[in-house]
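> Sequence:
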Amino acid sequence: MDIDHDRLYKVLLQTFFQEFVELFFPEAAVAIDFTHVKFLSEEIFTDLTGGQRGRVDLLVETKLKGEDALILIHFEPQSYYEREFAERMFIYASRLYEKYRRRIVPIAIFSHERKKREPDTFSWEFSFLDVLKFRYFSLQLKHQDWRKYVQTNNPVAAALLSSMGYDKRDRTELYGSFLRIMLDLKFDPARMRLLTVFFESYMQLSASEENLAYSEFIKQYPQEEGTLMEWLTSHEKKGFQKGLIEGKIEGKIQGEIEGKKKQLENVVFRMLQEGLPLELITKVTGLPEPEIEKLQSSH
Numbered sequence: 012m013d014i015d016h017d018r019l020y021k022v023l024l025q026t027f028f029q030e031f032v033e034l035f036f037p038e039a040a041v042a043i044d045f046t047h048v049k050f051l052s053e054e055i056f057t058d059l060t061g062g063q064r065g066r067v068d069l070l071v072e073t074k075l076k077g078e079d080a081l082i083l084i085h086f087e088p089q090s091y092y093e094r095e096f097a098e099r100m101f102i103y104a105s106r107l108y109e110k111y112r113r114r115i116v117p118i119a120i121f122s123h124e125r126k127k128r129e130p131d132t133f134s135w136e137f138s139f140l141d142v143l144k145f146r147y148f149s150l151q152l153k154h155q156d157w158r159k160y161v162q163t164n165n166p167v168a169a170a171l172l173s174s175m176g177y178d179k180r181d182r183t184e185l186y187g188s189f190l191r192i193m194l195d196l197k198f199d200p201a202r203m204r205l206l207t208v209f210f211e212s213y214m215q216l217s218a219s220e221e222n223l224a225y226s227e228f229i230k231q232y233p234q235e236e237g238t239l240m241e242w243l244t245s246h247e248k249k250g251f252q253k254g255l256i257e258g259k260i261e262g263k264i265q266g267e268i269e270g271k272k273k274q275l276e277n278v279v280f281r282m283l284q285e286g287l288p289l290e291l292i293t294k295v296t297g298l299p300e301p302e303i304e305k306l307q308s309s310h
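So that you can map any letter, position 64 of the sequence shown is 75 in this note's numbering, and since no number is skipped, the others follow by simple counting.
These aren't lab readings, by the way, just hints derived from the structure by calculation. Be aware that a few hints might be false.
Claimed, not checked - Computed beta-carbon distance windows for the label pairs:
id : residue 1 : residue 2 : range
1  : Gly237    : Arg66     : 43 to 51 Å
2  : Lys197    : Glu300    : 28 to 36 Å
3  : Asn164    : Gln307    : 35 to 43 Å
4  : Gln231    : Pro299    : 24 to 32 Å
5  : Lys179    : Trp135    : 39 to 47 Å
6  : His123    : Asp79     : 33 to 41 Å
7  : Arg158    : Arg114    : 34 to 42 Å
Idealized CB from N, CA, C, for every residue including glycine.
Input sequences plus hints: build the corresponding full structure.
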């Protein structure tokens, strides 16, 4: 499934603009007056390098504390490697300044898998003169350690955990941390759906991984079992993104029952070993209690 990166980031940043800046750029957050925030319409520029057509998706008008002058914050999400990206950031800033005549804070958000560090500067100079040094904030998500953000209780951290750097062995633990933050946030359904859709757009777990994550989560936070199931059920009723959460789990599990029944049985057996109640195992796996009891007796 193709991911509409620009749209996802635009909605996330419009909804949680202050939380994003506070999380990743605290030195800027201290200076910004968040009581004055206005999202401007997208800007389209033509005649860029090589005759390209460029678009600034997210432009924010705000102020600094203690100042009356307006400033602009330009967000540029980048989902793929682009050799001339720094030059494009400079051109965008130049065009924006030409139109608005305001100071600009440029922020690049890299979500691609490339390990090499992205530049944060565009410059040119001569042996006899330094002409230009243009800089911008650079956030390379794959260089961020996800564990650093699990205690922040920040909604942006929850959404972006799946885009950060992690070992494949940590997938279920990472998902459990996402669940922990989500339950702590206690947001309205619309914002909860936004965060979940964003997270799952960049990390799609198998049914067995989801089941393991739920069982590990409830083992660690047994008092949250009811809250977790209520939250999962509420999202199933909303039917968002083609039945994510329980609807997706049930669909995947039915497929595993038909084609990979042994794998599902192993998941159930592990949950039984951890002492999880039959009612919970039934809810998570979709298997009836008699069949679970049969598996229990066979082991």
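> When the structure is checked against the list of hints, which entries are broken? Sort them ascending.
Structure breaks no hint.
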